[in-house]
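Student: Just so you know, we're using my numbering here: the sequence shown kicks off at 1057 and counts up by one.
It should be emphasised that the hints constitute simulated quantities derived from the structure, not laboratory data. All values derive from a computational prediction rather than experimental measurement. Don't take every hint at face value.
Straight line, CA to CA, 25 Å or less: simulated DMTMM-like cross-link-like pairs of lysine to aspartate or glutamate [what the hints assert, rightly or not]:
no., residue 1, residue 2
1, Lys-1272, Glu-1223
2, Lys-1131, Glu-1071
3, Lys-1120, Glu-1095
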Amino acid sequence: MKKPNVAFYDFACCEGCQLQVANMGESLLDLLGSINIVEWREVMSEKWDMKLDISIIEGSITDKHAISRLKRIRKRSKIVIAYGSCATIGGVNGMKNSFDIEEIRKYVYGDSYQFFPTEPTRAIHQIVKVDYFVNGCPVYIPEFVTVLKAAMLNIPYYVPDYAVCVECKMNENVCMYERGVTCLGPVTRAGCNSWCINNGNICYGCRGMVSNPNIKGSQEVIAKYGISIDMILKKMNMYNKCRELD
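Produce the entire structure from the sequences given, and follow the hints as far as they go.
Tutor: The structure is reproduced here in C-alpha cells:
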C-alpha cells in the first residue's frame, strides 16, 4: 500500500507545535513508518509543489500573501489538518484584533509600517475548508497522533465539546480556584487530559471555548471567589479573540 504524502506548513506562529511533534521520540518513528513526509521546514530542507494527501498546517493568517498561499495549499491537498491554537482558533496572534490595525502597524514597524501590510488575524478554517482540528498551545501529542491516524483512515475525529474540568476531576486535581488562582477550565474544550493543571498550572483556554458552557455554574464560581468579569474576558481573549469573526 502506497504511503500518503504528508507536508507540514507554518504561517504566523512560533512553530512550537512543529517542535512538539519533532520531539515525539519513538512515537514519531512509528508514524514515519506509515507516511511519506515530503516537506517540513522544521526538520528538512526539501520542498514539494505537487499533490498532497495530507497537509498539516500551523499558524494563523495575518495578511493577503498568507491567504493566497493557504488557498494554494488547500487546492492541492486531499486533507487539511489545522493544528495548534494559532491555526484552529487564531491563538495569541488574535490579540491584535482588539486594536486598530493601523495603530498596530505603526507600533510594531515604526516609520516603515507602510511596507508591512497586515490584516485582522484569522484562523485557518475562516479562510479555507479544514478537515481535522488539533487544538492546543502546544498540541497534545496523544491527540495529534489520534487525529493523524483518523485522517489516514479517512474516518471522523470529533474534538471533545465538554469542559477541561471534566478531565481535571477524573485526574483528581485540586481545583485551581480553591488555590486562589483564576482558571479557564470551566469554559475550555477538553481533549488535553488537563495536562496544564496536572502539572500545577492553570488552564489558559488555548483549546477554544466549549459551544454550550455552563453559564450558571460559571456565574456561581465568579461570585463565590469574587472574580472580576473584565479579567476573565481578557484571559479568554488571549487565545480566543478570532471567534468574533466566525
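Student: It remains to establish, for every hint, whether it holds in the given structure.
Tutor: So, going through the hints one by one against the coordinates:
Taking the CA atoms of Lys-1272 and Glu-1223, the gap is near 20 Å; set against the 25 Å cutoff, the hint holds. Under the criterion of a C-alpha separation no larger than 25 Å, the hint pairing Lys-1131 with Glu-1071 is consistent with the structure, at around 23 Å. This hinted pair checks out: Lys-1120 and Glu-1095 have alpha carbons roughly 23 Å apart, not beyond 25 Å.
The structure fails none of the hints (numbered hints given earlier).
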